[in-house]
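**Q** The primary structure of each chain is shown beneath.
2 protein chains.
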Amino acid sequence: MGEKKKIYKPKAISGFPEWLPEERLVEQKWLDHIRQVFESYGFCSIETPSVEELDVITAKGEVDKEIYVLERLHKDEDSDKEARLALHFDQTVPLARYTAQHFNDLVFPFKRYQMQRVWRGERPQMGRMREFTQCDIDVINVDNLPLSFDAEMPSIVYEALEGLNIGRVQLRISNRKILMGLLQSLGIEDPTPVTRIIDKIEKLHEGQIEQLLKEEGLNTDQISKILNLAKTKELSTLSPENDLMKKGIEELQFVMDNLSHLPDHAVVADLSIVRGLDYYTGTVYETQLLDVPEFTGSVCSGGRYDDLAGSYINKHLPGVGISIGFSRLFDVIRQSRRDLLDIGPKCPADILMVLPSAEQRETATQTARSLRKRGFKVEMYHAPQKVKKQLSYAEKKGIPFVWFPPFEGGQEHEIKNMNSGEQTQADPNTWEKP
Amino acid sequence: MGEKKKIYKPKAISGFPEWLPEERLVEQKWLDHIRQVFESYGFCSIETPSVEELDVITAKGEVDKEIYVLERLHKDEDSDKEARLALHFDQTVPLARYTAQHFNDLVFPFKRYQMQRVWRGERPQMGRMREFTQCDIDVINVDNLPLSFDAEMPSIVYEALEGLNIGRVQLRISNRKILMGLLQSLGIEDPTPVTRIIDKIEKLHEGQIEQLLKEEGLNTDQISKILNLAKTKELSTLSPENDLMKKGIEELQFVMDNLSHLPDHAVVADLSIVRGLDYYTGTVYETQLLDVPEFTGSVCSGGRYDDLAGSYINKHLPGVGISIGFSRLFDVIRQSRRDLLDIGPKCPADILMVLPSAEQRETATQTARSLRKRGFKVEMYHAPQKVKKQLSYAEKKGIPFVWFPPFEGGQEHEIKNMNSGEQTQADPNTWEKP
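Residue numbers (our numbering), protein chains in the order written: chain A, 1 to 434; chain B, 1 to 434.
Hints were generated in silico from the structure; no laboratory data involved. There could be a bad hint or two in this list.
In this list, chains with the same sequence are indistinguishable; a pair is considered to hold if it fits within one copy or across any two.
[What the hints assert, rightly or not] In the BS3-like style, the derived pairs of lysine-lysine whose C-alpha atoms are separated by at most 25 angstroms in a straight line are:
#1 K11 <-> K75
#2 K433 <-> K388
#3 K29 <-> K373
#4 K6 <-> K65
All figures in this text were calculated on a predicted structure; none of them were measured in a lab.
Chain A on its own, in the form it takes in the complex (with noise of 0.2 angstroms):
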């Protein structure tokens, strides 16, 4: 011990957030509630391993995200032939892999909730991480999976978001048979391109949009008229082109019409929202946080899709979900909006217990045992110090409560509040907060 010891200074590793206590005791309030959301709903937890095999992952082709891999950093001879195991970098291909696998011990319809980290090995820059949670929520059925889905979606998330109190949020919903449908009476063959050009109406000018279908080569009619769908924000303003069209609206209107129960602001039809995944075959969702503008992300995004697990199993098992990008949507309120996360103690005990004397211990933490039974949670203090160094310490980790037991020849039980300074005389078989 004696010897000078090498030093290793540890540093954060970028895109690999991690928080201090009193952040995190926020991060844990804000997961419990969307748990809680989640669960009044009926939808059951679901977790997968961090891994899949490399093949499940690219099982329906090439993946445009970065995947880790791993490798065993003591390789032997049997590790080439084990299958190559890669981190999910999302929760909907191990839940189509889950669904497929586990098929014959679900009940369908099958609604999950499943809050995991994933990861992405991009470039991490603002506000892009490379390892972070997600909390999906998806629903998926055998053969037929009822519309009624779609609209209760939003009504969770929605729920759920609220409760966070990071101001207004706005969930913005369209329905991609919409566009289909006019790109097919347009005569528009590969609809790809042009959806990927609109899902980035919000970042770009119109002029820029205009130009990009341009090279495309879109004609100015076809133009002026996916341009005209794509600001509509009032369904009974459009006129279906033809039967896709005109299913899309449909669905649309009863989604927003099971919705009718949330504030205004709340959801609005907005036929920009594409989403750029192809696998999206009608409802799509990307939601706003209205009061943080400097934050044009979408926080929550999602849809429905026609055929989950076809790369797996041989059924057809159309689902909807949408998946909360906690992570970000935390770390941007903790970057922008710091005051909304109401940043507070740093440890969840609600009471301090005083150790006046070694003596005293046994009658402390006996003290200390009563209160647990009844539910709070109390700290013993760890050493017989001067009290006011023990005040001193519980108002260093922002403990409200601090309680005396009798000492220097007392009978009584006391309790400081350390907000208002009150110190009263308490039984710890009765006491409750005030």
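Use these hints to put chain B onto chain A, whose structure you have.
**A** The following block gives chain B in isolation, referenced to the frame of chain A:
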């Protein structure tokens, strides 16, 4: 959609377990309980990234655990400039790094709990996992850490484990100073080979242990004294050979004295417990499941270490900690004593809301909303199918109550208790679980 799809049939990945929803519900109940106990003693939560820099993990020297390092699937020229990242194999190295890195922002004694996944790339075998959850508590202080924390640890984990309903649990406690003192008095300079052998005492016969010690060059007198010590369960029968041994006995006695409030079987002094890890310097803990005799491993282990973060910061930071091998514990009970898991429903819902007809969707949704506001977990049935089908769904999912909004012209709500079969009138604003 019409073409024949290529299907990649997924299978379980050895060493990476996942559970069905009904098992996950029990796992969550366990995790919630453990967290509640940890917090009731005032421990704060932290989470660290899943990765550390490989240089951080190996800062103390060679690691004998199998480590997974991350590789980006699509490496570019930047990849080589980045630090190599490895998944953490325990929560102690991350805690040490975290404490050093955030030293100035933490209040000491720093009491934290951490419930995360860890990874070990070892060959999977019965009971060994490559990804598993640990539930750790540790206390770290600057320079000096009161012994009372060594006594608090067993109290906390006993309460955490006892509440899981897994039969009788026994903590076995020793203090490494006792054996170290004896070895010093016997003139044995390097204690490591001896402690490694004593650590196997549960698995081998006494003759085998004797043979191994003989192979280390120990004589009959030395061996007999060491074995006598290891068999001691009564501290009062020990006579200290030197100051170190005396100090160890006193410390262990203090810890045992402070645990007298626990049931008789809950804590025993057991001098055969040494723990293989060299960094423990005082108190050491192991935990046995007394009612699962077929499993002899320790489900919860830890101890006191003199210098936690010396590789990362030039401070003397002693600590004491204990770790519940959560996934292993859950899996042992799941496989050996499935009856104890009390596996029940497949989802958390209290109530299934019947949807009598499409026209009554609004009434049903509103009723569900009122019940949720009152704290109930309510799943909406998704389609206006026959009531019999809706009841059978509730039964399959294990939902205990089914709610009927007024239908067929009636005015009254009714609720059916799926357990008793009883169906009664109920008001969504006043109904309570019987």
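**Q** Does each hint fit the structure? Answer for all of them.
**A** Outcome of the hint check:
In this homomeric assembly, K11 and K75 come within 25 angstroms of each other (Cα to Cα) only across copies, at 23 angstroms, whereas the closest approach inside a single copy is 28 angstroms. For a Cα distance limit of 25 angstroms, the shortest separation of K433 from K388 inside one copy, 23 angstroms, qualifies, whereas the shortest one across copies, 48 angstroms, does not. In this homomeric assembly, K29 and K373 come within 25 angstroms of each other (Cα to Cα) both inside a single copy, at 23 angstroms, and across copies, at 19 angstroms. For the identical chains of this complex, K6 and K65 are inter-copy neighbours only, at 22 angstroms across copies versus 39 angstroms inside a copy, given an alpha-carbon limit of 25 angstroms.
No hint from the list above goes unmet by this structure.
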